[in-house]
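Take the given structure of chain A and dock chain B with the ligands to it, following the hints.
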Amino acid sequence: MAGTTIVITSGKGGVGKTTSVANLGTALALRGRSVVLIDADIGLRNLDVVMGLENRIVYNLVDIIEGRCRLEQAMIRDRKLNTLFLIPAAQTREKDAVHPEQMKELCEKLEQNFDYILVDCPAGIERGFRNAVAGAQKAIIVTTPEVSAIRDADRVIGLLEAELMKDINLIINRLNHKMVKRGDMMSTEDICSLLAVPLIGVIPESEEVVISTNRGIPLVHDKRSDIANAFKRIASRLEGEEIPIPTEIPGDSGILSKFKKLIWSS
Amino acid sequence: MFDAIRRFFGEKKSGEVAKKRMQIVLLHDRLSISPEVMEEIKNDILRVLSRYMEIDQKSIKVSLEKGDDYAALVSNVHVRRVYRHALSSPENAQKSENSA
Ligand SMILES: Nc1ncnc2c1ncn2[C@@H]1O[C@H](COP(=O)(O)OP(=O)(O)OP(=O)(O)O)[C@@H](O)[C@H]1O
Ligand SMILES: [Mg+2]
Numbered sequence: 001m002a003g004t005t006i007v008i009t010s011g012k013g014g015v016g017k018t019t020s021v022a023n024l025g026t027a028l029a030l031r032g033r034s035v036v037l038i039d040a041d042i043g044l045r046n047l048d049v050v051m052g053l054e055n056r057i058v059y060n061l062v063d064i065i066e067g068r069c070r071l072e073q074a075m076i077r078d079r080k081l082n083t084l085f086l087i088p089a090a091q092t093r094e095k096d097a098v099h100p101e102q103m104k105e106l107c108e109k110l111e112q113n114f115d116y117i118l119v120d121c122p123a124g125i126e127r128g129f130r131n132a133v134a135g136a137q138k139a140i141i142v143t144t145p146e147v148s149a150i151r152d153a154d155r156v157i158g159l160l161e162a163e164l165m166k167d168i169n170l171i172i173n174r175l176n177h178k179m180v181k182r183g184d185m186m187s188t189e190d191i192c193s194l195l196a197v198p199l200i201g202v203i204p205e206s207e208e209v210v211i212s213t214n215r216g217i218p219l220v221h222d223k224r225s226d227i228a229n230a231f232k233r234i235a236s237r238l239e240g241e242e243i244p245i246p247t248e249i250p251g252d253s254g255i256l257s258k259f260k261k262l263i264w265s266s
Numbered sequence: 001m002f003d004a005i006r007r008f009f010g011e012k013k014s015g016e017v018a019k020k021r022m023q024i025v026l027l028h029d030r031l032s033i034s035p036e037v038m039e040e041i042k043n044d045i046l047r048v049l050s051r052y053m054e055i056d057q058k059s060i061k062v063s064l065e066k067g068d069d070y071a072a073l074v075s076n077v078h079v080r081r082v083y084r085h086a087l088s089s090p091e092n093a094q095k096s097e098n099s100a
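First to last, the sequence lines map onto chains A and B. Under my numbering, think of the first position of the first sequence as 1, with each following residue one higher. Under my numbering, think of the first position of the second sequence as 1, with each following residue one higher.
Isolated chain A, as found in the complex (with noise of 0.2 Å):
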């Protein structure tokens, strides 16, 4: 098997990297793919609380470089999907634990066993960013519709480049239909003209995200989300589906809306 390993960046923190990971990771199993998510962020370990499994954790990722345990010792299983594995960061470690080398033959090891390594990458663009994109053979840019955000997104887009990564993509995480609307906000438009890489998806500003994170179980299970439906959509298209990217993504307010989705989860 020759699987693909994607890095999930962005530059700037907090615009949703780990969301995007866990919930593409689970919607790829959920169609039947096998999938391990490193958590690269050695030192601000997150990933697991997000998917669940912090009390599973024996070895991590450091444990594995410094030949500590077996690779699949450090594997967790997810508690729903069979084909879903973490290997969680260490949380006591410093970020030069790991060096790029090492990261690129554990993602060469991995995929030789499983069709997608997707990578949690720190914010920063340091050394835990060059340790995330090492084995990288694609990279999907995480940025929120604000000008900080976007301005590191570019920063990132330009080290990629620089690296000749080919395949760059992005995420526009917590867009505000709302805001857009009445002009206070840039418009996926906007900043895709901005930052001129493919876009593969957009995710909406939502509650549902951190009252899923508040359960540890990925948004992407909740058939009747939105939002899980975007990740959906993403993962297929990582698979190489042809789906438009809905301009206008139905409100979640409003008696309508609220009415068109008990027809449609029934």
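What the hints contain is simulated information worked out from the structure, not anything from laboratory work. Hints are supplied without guarantee of correctness; some may be wrong.
Okay, derived cross-link-like pairs now, DSS-like style, lysine-lysine, Cα gap no bigger than 27 Å in a straight line [as the list claims (entries may be wrong)]:
#: 1; chain 1: B; residue 1: K58; chain 2: A; residue 2: K181
#: 2; chain 1: A; residue 1: K12; chain 2: B; residue 2: K42
#: 3; chain 1: A; residue 1: K178; chain 2: B; residue 2: K58
#: 4; chain 1: B; residue 1: K61; chain 2: A; residue 2: K178
#: 5; chain 1: B; residue 1: K12; chain 2: B; residue 2: K42
#: 6; chain 1: A; residue 1: K80; chain 2: A; residue 2: K109
#: 7; chain 1: A; residue 1: K181; chain 2: A; residue 2: K109
#: 8; chain 1: B; residue 1: K42; chain 2: B; residue 2: K58
#: 9; chain 1: B; residue 1: K12; chain 2: B; residue 2: K66
#: 10; chain 1: A; residue 1: K181; chain 2: B; residue 2: K66
#: 11; chain 1: B; residue 1: K13; chain 2: B; residue 2: K66
#: 12; chain 1: A; residue 1: K178; chain 2: A; residue 2: K12
#: 13; chain 1: A; residue 1: K12; chain 2: A; residue 2: K104
#: 14; chain 1: B; residue 1: K19; chain 2: A; residue 2: K181
#: 15; chain 1: B; residue 1: K61; chain 2: A; residue 2: K12
#: 16; chain 1: A; residue 1: K178; chain 2: B; residue 2: K20
#: 17; chain 1: A; residue 1: K166; chain 2: B; residue 2: K19
#: 18; chain 1: B; residue 1: K19; chain 2: B; residue 2: K66
#: 19; chain 1: A; residue 1: K138; chain 2: A; residue 2: K181
#: 20; chain 1: A; residue 1: K178; chain 2: B; residue 2: K13
#: 21; chain 1: B; residue 1: K20; chain 2: A; residue 2: K12
#: 22; chain 1: B; residue 1: K66; chain 2: A; residue 2: K12
#: 23; chain 1: A; residue 1: K138; chain 2: A; residue 2: K104
#: 24; chain 1: B; residue 1: K20; chain 2: B; residue 2: K58
#: 25; chain 1: A; residue 1: K12; chain 2: A; residue 2: K166
#: 26; chain 1: A; residue 1: K181; chain 2: B; residue 2: K61
#: 27; chain 1: B; residue 1: K13; chain 2: B; residue 2: K42
Then chain B with the ligands, alone, in the frame of chain A:
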């Protein structure tokens, strides 16, 4: 209501303001050109200009100027003589320069 007041005062929507600002900021960020690339740009400019005029190859200066709402590439070259007819292609121009 709020919108109407804003429009009355001719205030732009904040989304539009953000977009305009980002266009300039990203332009500036991306213009941090490495010395190697700058050298290539110089050579390319010389090559193109040599079709039309004889220039002092050592005199060329290229720099980036950043203003509040623009970025400009400024080049300064000393011209010795302008040809009556453009040479056929930049490559030929270089050859004739070398053989002269
Ligand atoms: N579409 C969304 N709507 C509402 N909240 C969101 C959305 N996406 C992410 N969030 C929230 O934003 C916060 C940051 O998200 P997340 O941890 O995924 O970002 P990150 O890029 O991984 O951050 P870091 O750079 O610190 O690793 C979380 O509290 C998350 O629940
Ligand atoms: Mg994160």
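Hint check:
Of the supplied pair hints, the one linking K58(B) and K181(A) is violated, its CA atoms being roughly 55 Å apart against a limit of 27 Å. Taking the CA atoms of K12(A) and K42(B), the gap is about 35 Å. The hint is violated against a cut of 27 Å. Restraint check for K178(A) and K58(B): not satisfied, since their Cα atoms lie roughly 58 Å apart, outside the 27 Å limit. Proximity of K61(B) to K178(A) is assessed by CA-CA distance (about 50 Å); at most 27 Å being required, the pair is judged violated.
For the suggested pair K12(B) and K42(B), the alpha carbons sit about 40 Å apart, so the restraint of at most 27 Å is broken. A distance of roughly 25 Å separates the Cα atoms of K80(A) and K109(A); the hinted pair therefore holds under the 27 Å criterion. A C-alpha spacing of about 47 Å is found between K181(A) and K109(A), which places the hinted pair above 27 Å, so the restraint is violated. Taken as a hint, the K42(B) and K58(B) pair is honoured in the structure, with Cα atoms around 10 Å apart against an allowance of 27 Å.
With a C-alpha separation of about 24 Å, the suggested pairing of K12(B) with K66(B) holds against the 27 Å cut-off. Taking the CA atoms of K181(A) and K66(B), the gap is near 33 Å; set against the 27 Å cutoff, the hint is violated. A hinted pair counts as satisfied when its Cα atoms are at most 27 Å apart, and K13(B) with K66(B) qualifies at roughly 26 Å. Distance check on the hinted pair: K178(A) and K12(A) sit about 24 Å apart at the alpha-carbon level, within 27 Å; holds.
Our distance criterion of 27 Å between C-alpha atoms is met by K12(A) and K104(A), whose separation comes to about 23 Å. Straight-line distance between C-alpha atoms of K19(B) and K181(A) comes to about 15 Å, which keeps the hinted pair within the 27 Å bound. For the suggested pair K61(B) and K12(A), the alpha carbons sit about 36 Å apart, so the restraint of at most 27 Å is broken. Pair hint K178(A) plus K20(B) holds up; C-alpha atoms about 21 Å apart against a cutoff of 27 Å.
A hinted pair counts as satisfied when its Cα atoms are at most 27 Å apart, and K166(A) with K19(B) qualifies at roughly 26 Å. A threshold of 27 Å between alpha carbons decides the hint, and for K19(B) with K66(B) the separation of about 18 Å falls inside it, so the pair holds. With a C-alpha separation of about 33 Å, the suggested pairing of K138(A) with K181(A) is violated against the 27 Å cut-off. Proximity of K178(A) to K13(B) is assessed by CA-CA distance (about 13 Å); at most 27 Å being required, the pair is judged to hold.
Proximity of K20(B) to K12(A) is assessed by CA-CA distance (about 21 Å); at most 27 Å being required, the pair is judged to hold. Simply put, K66(B) and K12(A) have alpha-carbon atoms about 25 Å apart, close enough for the 27 Å limit, and the pair holds. The suggested pairing of K138(A) with K104(A) holds, with an alpha-carbon distance near 13 Å, which does not exceed 27 Å. Under the criterion of a C-alpha separation no larger than 27 Å, the hint pairing K20(B) with K58(B) is inconsistent with the structure, at around 38 Å.
Between K12(A) and K166(A) the alpha-carbon distance is near 21 Å, which keeps this suggested pair within the 27 Å criterion. This hinted pair does not check out: K181(A) and K61(B) have alpha carbons roughly 47 Å apart, beyond 27 Å. Note on K13(B) and K42(B): the hinted pairing is violated, with a Cα-Cα distance of about 41 Å set against a maximum of 27 Å.
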